[in-house]
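Residue numbers for the sequence shown follow my numbering, beginning at 7 and rising by one.
Bear in mind the hints are in silico, worked out from the structure with no lab data behind them.
Be a bit skeptical, because a hint or two may be false.
[What the hints assert, rightly or not] Quick list of in silico lysine-lysine cross-link-like pairs, DSSO-like style, CA-CA up to 30 Å:
1. 87 with 117
2. 117 with 133
3. 123 with 87
4. 131 with 87
5. 73 with 87
6. 123 with 73
7. 123 with 133
8. 117 with 73
9. 123 with 58
10. 133 with 87
[Stated by the list, open to error] Ranges of calculated distance between the beta carbons of each label pair, as one might list FRET restraints:
11. 95 with 25: 34 to 42 Å
12. 50 with 25: 37 to 45 Å
13. 72 with 124: 34 to 42 Å
Note that the structure is a prediction, hence the values are computed from the model and not measured.
Glycine included, every Cβ here is placed at the ideal spot set by N, Cα and C.
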Amino acid sequence: MKKTFDLYEHLAQYYETDQMGIIHHSNYIRWFEEARTNLLDQMGFGYDQMEKLGIIVPVLEIACLYKSMVHYNDRVYIIPKIEAFNGIRLTISYQILDKTNGELRTTGESKHCFLDKKNRPVSLKKKHPELFDLFDGYLGVDLSK
Numbered sequence: 007m008k009k010t011f012d013l014y015e016h017l018a019q020y021y022e023t024d025q026m027g028i029i030h031h032s033n034y035i036r037w038f039e040e041a042r043t044n045l046l047d048q049m050g051f052g053y054d055q056m057e058k059l060g061i062i063v064p065v066l067e068i069a070c071l072y073k074s075m076v077h078y079n080d081r082v083y084i085i086p087k088i089e090a091f092n093g094i095r096l097t098i099s100y101q102i103l104d105k106t107n108g109e110l111r112t113t114g115e116s117k118h119c120f121l122d123k124k125n126r127p128v129s130l131k132k133k134h135p136e137l138f139d140l141f142d143g144y145l146g147v148d149l150s151k
């Protein structure tokens, strides 16, 4: 099982800025989603594959703590990490780092659950043990190295 990943890099776009020339706060949540999607794809089981199995993964909660500003044309790395997983719920943390100097720009966390198409909770351990093992294998692993 691959335990390192290509870092997810984002180039801050002009349309993401506010009137002060900094990235508008709402975009960081989108960046978390981009990095999470990239993480799942690199793990080998993206959202598209889960949906083919009838699994959806909604966001239950999201938090974001802004440390320093990102400006137009800055390049940042967005690093997700699986912090908690029990087969029904999933928590992912995020760090946004300046690509040039490594400065921590933002931290965050998203919480999710696994549901079937009828919006009922799904236990991956019972219904999809291969997926349970995949997620469990990445629990707490620092994927930035």
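To see whether the hints hold, each was checked on the structure:
1. About 12 Å separates the Cα atoms of residue 87 and residue 117, which keeps this hinted pair within 30 Å; it holds.
2. About 21 Å separates the Cα atoms of residue 117 and residue 133, which keeps this hinted pair within 30 Å; it holds.
3. As the CA atoms of residue 123 and residue 87 are separated by approximately 26 Å, the hinted pair is consistent with the 30 Å bound.
4. Simply put, residue 131 and residue 87 have alpha-carbon atoms about 20 Å apart, close enough for the 30 Å limit, and the pair holds.
5. Restraint check for residue 73 and residue 87: satisfied, since their Cα atoms lie roughly 18 Å apart, inside the 30 Å limit.
6. Restraint check for residue 123 and residue 73: the C-alpha separation of about 38 Å exceeds 30 Å, so the hint is violated.
7. Restraint check for residue 123 and residue 133: satisfied, since their Cα atoms lie roughly 14 Å apart, inside the 30 Å limit.
8. Pair hint residue 117 plus residue 73 holds up; C-alpha atoms about 21 Å apart against a cutoff of 30 Å.
9. Our distance criterion of 30 Å between C-alpha atoms is met by residue 123 and residue 58, whose separation comes to about 10 Å.
10. For the suggested pair residue 133 and residue 87, the alpha carbons sit about 24 Å apart, so the restraint of at most 30 Å is met.
11. A hinted range of 34 to 42 Å for the beta carbons of residue 95 and residue 25 is consistent with their spacing of about 39 Å.
12. Checked against the hint of 37 to 45 Å, the C-beta distance between residue 50 and residue 25 comes to roughly 42 Å, which is consistent with it.
13. The hint said 34 to 42 Å for the Cβ distance between residue 72 and residue 124, and at roughly 38 Å that hint holds.
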